[in-house]
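Student: One letter stands for each residue in the lines below.
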Amino acid sequence: MRNWTIALAGNPNVGKSTIFNGLTGSRQHVGNWPGKTVEKKTGILKCAGQELTIVDLPGTYSLSAYSLEEQIARDFIVLERPQAVVNVIDATNLERNLYLTAQILETGIPLIIALNMCDLADARGIIIDVAHLSQLLDGIAVIPMAASHNHGLEELKQALVAYVLQPSQQQAA
Amino acid sequence: MTVIGTAALNAPIYVRYQPDIEDELTRLSTAIGQTPLLQRYHPRWLAIQLLEGDSGLLTEVQNAPNGAPVLQVLNDSQARLRAIYNEDIDVILTDQRYRFVNTLVRRVLTRPATQRETLSDRVDKIVTHRLLGIPIFLALMWLVFKLTTDVATPYLEWVEEAIGGPLTNQLVALLTLIGLDGTWVESLVVDGIIAGVGGVLVFVPVLMTLYLALAILEDSGYMARAAFVMDRLMHILGLHGKSFLPMIVGFGCNVPAIYATRTLETEKDRILTGLLVPFMSCSARLPVYVLLATIFFPAYSGLVVFGLYMLGIVAAIGLGFALKHTLFKTKDRVPFIMELPPYHLPTLRGIWTHMWERTASFIRRAGTVIMATSILIWLLMAIPTRGDGAFADTELDDSAFATVAGVVAPVFAPLGFGSWEASGALVTGFIAKEVVVSTMSQIYGVAEEEEAAEPTTLVDDLGQVVTSFAGATIDTLRAIPLIIGIDLMGTEAEDEAEPAGLMRAAQSNFEVSSGGHGALAALAFMVFVLLYTPCVAVIAAARQEFGNRWMWFSVVGQLVIAWIAALVVFQGGRLLGWG
Chain A
1 MRNWTIALAG NPNVGKSTIF NGLTGSRQHV GNWPGKTVEK KTGILKCAGQ
51 ELTIVDLPGT YSLSAYSLEE QIARDFIVLE RPQAVVNVID ATNLERNLYL
101 TAQILETGIP LIIALNMCDL ADARGIIIDV AHLSQLLDGI AVIPMAASHN
151 HGLEELKQAL VAYVLQPSQQ QAA
Chain B
1001 MTVIGTAALN APIYVRYQPD IEDELTRLST AIGQTPLLQR YHPRWLAIQL
1051 LEGDSGLLTE VQNAPNGAPV LQVLNDSQAR LRAIYNEDID VILTDQRYRF
1101 VNTLVRRVLT RPATQRETLS DRVDKIVTHR LLGIPIFLAL MWLVFKLTTD
1151 VATPYLEWVE EAIGGPLTNQ LVALLTLIGL DGTWVESLVV DGIIAGVGGV
1201 LVFVPVLMTL YLALAILEDS GYMARAAFVM DRLMHILGLH GKSFLPMIVG
1251 FGCNVPAIYA TRTLETEKDR ILTGLLVPFM SCSARLPVYV LLATIFFPAY
1301 SGLVVFGLYM LGIVAAIGLG FALKHTLFKT KDRVPFIMEL PPYHLPTLRG
1351 IWTHMWERTA SFIRRAGTVI MATSILIWLL MAIPTRGDGA FADTELDDSA
1401 FATVAGVVAP VFAPLGFGSW EASGALVTGF IAKEVVVSTM SQIYGVAEEE
1451 EAAEPTTLVD DLGQVVTSFA GATIDTLRAI PLIIGIDLMG TEAEDEAEPA
1501 GLMRAAQSNF EVSSGGHGAL AALAFMVFVL LYTPCVAVIA AARQEFGNRW
1551 MWFSVVGQLV IAWIAALVVF QGGRLLGWG
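If you're matching them up, the sequences are chains A and B in order. Quick note, the first sequence lines up with residues 1 to 173 if you use the working numbering. Quick note, the second sequence lines up with residues 1001 to 1579 if you use the working numbering.
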């Protein structure tokens, strides 16, 4: 079996560590605090007979190497080349979050979008056409989530496993 | 929830730039693809970064063999694009990326017709208010230290009694059973381990209260506001406006705070903030304050602890200001932008996890580092270097520990705590601040007169532990309204208990070393503990993050500042006729 690495990337304080804990069952310190994760953290996701290494990257607004944490996130995506990046996005701040998405797309690493904090967006009356967003991004997976309530975690796991089991990926393995 | 788009994950999607930019990107990517050493990068991505002028990657290309053709293409491309756009290329690319995002958002997002002001916004109007922000922060911190000193005290006494009474009794009984009573083994267990490790574990209730308060403040999102409010102040003083976030992390523990400086943009700001972090009073320093404040300032212990924390912040900001205008002078000021997370109602599970994580790590340290140093210190206290004592049966004043610590003691004489006891605690406290407490309880605990322990049964002891726990709970409940000044039970008149043996020993020791200004000397001692090297782990973190030179700068600087500040407190206080 091939060793799969999936990176979690996104702006600070969008719930990456919560999702990381949900995927790997670990209990990383999660804080309502931008900049809690300044070093990447690694865990294992076991799902449907697959074993994936999940890497939680520090939160960044861009992939330009301005601060050390941005450098850590960028170098991991660009040089370690994980098999996919899960871009965690705060649904209440779509516009600002998607800038990083645009930059991750440019690295050529396959992308899955975890649209987190949908509950908060709902509460504020923000409506996001998830199907259309996916379609405009060439059909990449967009998973609506509310990770702090465990909503969407199963769907994200399924999407990761589905991605790993794709025929083209299996051939590459 | 429905998942959209599970297929086609592998199809590359890019932001499409203007055709003339895309042409240049294609040219550059082709050139990059022909340079073997650059193939670890995605060619198009590298092409974009080079066009944007990423200096790190540019150096890499310059150093690559066959990098010259790439540089040639890059220069040509940049020249052509500059002629067309008459603007910096990175600005153009950023702008087009934003347009791509904007288009996406316009097509998929529907905003509510009227933007409601959220509760978060309304709370922030008050909490981050220009004038009210800092008083609110100070009031909350004051409340936290009132909680840790007043409310936790009954439980502290409960643990103290449980360790000093039932636990010690049972262990001694066990040693008697295997015939080791009265030997050096008993001394090691009672005077070494129980006094040292137990002396630190006594403070678990205090720390749990602090960790509980910190967890609530962090999880709710308030701490980010506190950092914002203080950062604004620091920005006005010319300091970098993101420094306070790592510093607030330092209230829990300085080690992650040193790593948290990575959020700062420039190396200079990182190092500067890293130099200030150790002045933030971490939780390990709290037991020292609580111990000494209850001995010397029983009526104002909360205020003393609060004052020390504030002094740490003032020292950090003051030093930051001084360094920023000397060693760390920079021309450009980074604009101050900070994102505030929305307020959450903290979950019970989240708070429990945080509180327990930190408490467990404190207990683990007590079982490892503190245990090891306690045994070492016991050993040093057991070896006679003078007089006619034997191993584990010597006057403390004649022990190796007293001799070694006595060498350092004169340094602290002008500060009012030039006894070998206090100096010894500070020297060993270099390892960790809990060690100051464990060393003191080892030294002063032995000095305490032996009480004739009455033989007790296990059942009696357990019964005592349970009933005194109930008593502690009642006392705590009574203490809570007192924090906000409501005296429901009329407890104000409660008689001051006679200080216990350990406390008496510490008190007379400070009185002697200071020539009758014990309280002032204790205050100076606490100031010294606040400002000097937090622990070896922080030194290691500073070395890893900032290198050897800055580590030494930090360690020596802290010692000098702590010494001067303690001198000012003691001598200044004496001149003013305090204590």
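Simulated from the structure, these hints should not be mistaken for laboratory data. If you're wondering where the values come from, they're calculated on a predicted model, not measured in any experiment. Some hints here could point you the wrong way.
As the list claims (entries may be wrong) - Per label pair, the in silico range of CB-to-CB distance: (1) Asp122(A) to Arg1122(B): 14 to 22 Å; (2) Gln135(A) to Ala1360(B): 13 to 21 Å; (3) Glu1339(B) to Gly25(A): 43 to 51 Å; (4) Arg96(A) to Trp1356(B): 32 to 40 Å; (5) Gly25(A) to Val1459(B): 53 to 61 Å; (6) Gln1018(B) to Gln135(A): 19 to 27 Å; (7) Phe1469(B) to Gln158(A): 55 to 63 Å; (8) Ala1540(B) to Asp122(A): 44 to 52 Å; (9) Gln166(A) to Asn1063(B): 35 to 43 Å; (10) Arg96(A) to Ala1470(B): 34 to 42 Å.
A virtual CB, placed ideally from N, CA and C, is assigned to each residue, including glycine.
Student: For the pair Gln135(A) and Ala1360(B), does the Cβ-Cβ distance stay inside 13 to 21 Å?
Tutor: Given about 48 Å between the Cβ atoms, the range is violated.
Student: Is 53 to 61 Å a correct range for the gap between the Cβ atoms of Gly25(A) and Val1459(B)?
Tutor: This hint is violated: roughly 43 Å between Cβ atoms.
Student: 44 to 52 Å was suggested as the range; check whether the CB atoms of Ala1540(B) and Asp122(A) agree with it.
Tutor: 46 Å, holds
Student: A range of 34 to 42 Å was offered for this pair. Does it hold for the Cβ distance of Arg96(A) and Ala1470(B)?
Tutor: 54 Å, violated
Student: Is the gap between the beta carbons of Glu1339(B) and Gly25(A) within 43 to 51 Å?
Tutor: 29 Å, violated
Student: Verify the CB-CB distance for Arg96(A) and Trp1356(B) against the hinted window 32 to 40 Å.
Tutor: At roughly 35 Å between Cβ atoms, Trp1356(B) and Arg96(A) fall inside 32 to 40 Å, so the hint holds.
Student: Taking the beta carbons of Phe1469(B) and Gln158(A), is their distance inside 55 to 63 Å?
Tutor: Since the Cβ atoms of Phe1469(B) and Gln158(A) sit about 49 Å apart, the hinted range of 55 to 63 Å is violated.
Student: In this structure, is the beta-carbon distance linking Asp122(A) and Arg1122(B) contained in 14 to 22 Å?
Tutor: Holds, since Asp122(A) and Arg1122(B) (Cβ atoms, about 20 Å apart) stay within the stated range.
Student: Given the hint of 19 to 27 Å, is the C-beta distance from Gln1018(B) to Gln135(A) inside that range or not?
Tutor: 24 Å, holds
Student: Can the suggested window of 35 to 43 Å be confirmed for the beta-carbon pair Gln166(A) and Asn1063(B)?
Tutor: 38 Å, holds
The earlier numbered hints that this structure contradicts are 2, 3, 5, 7, 10.
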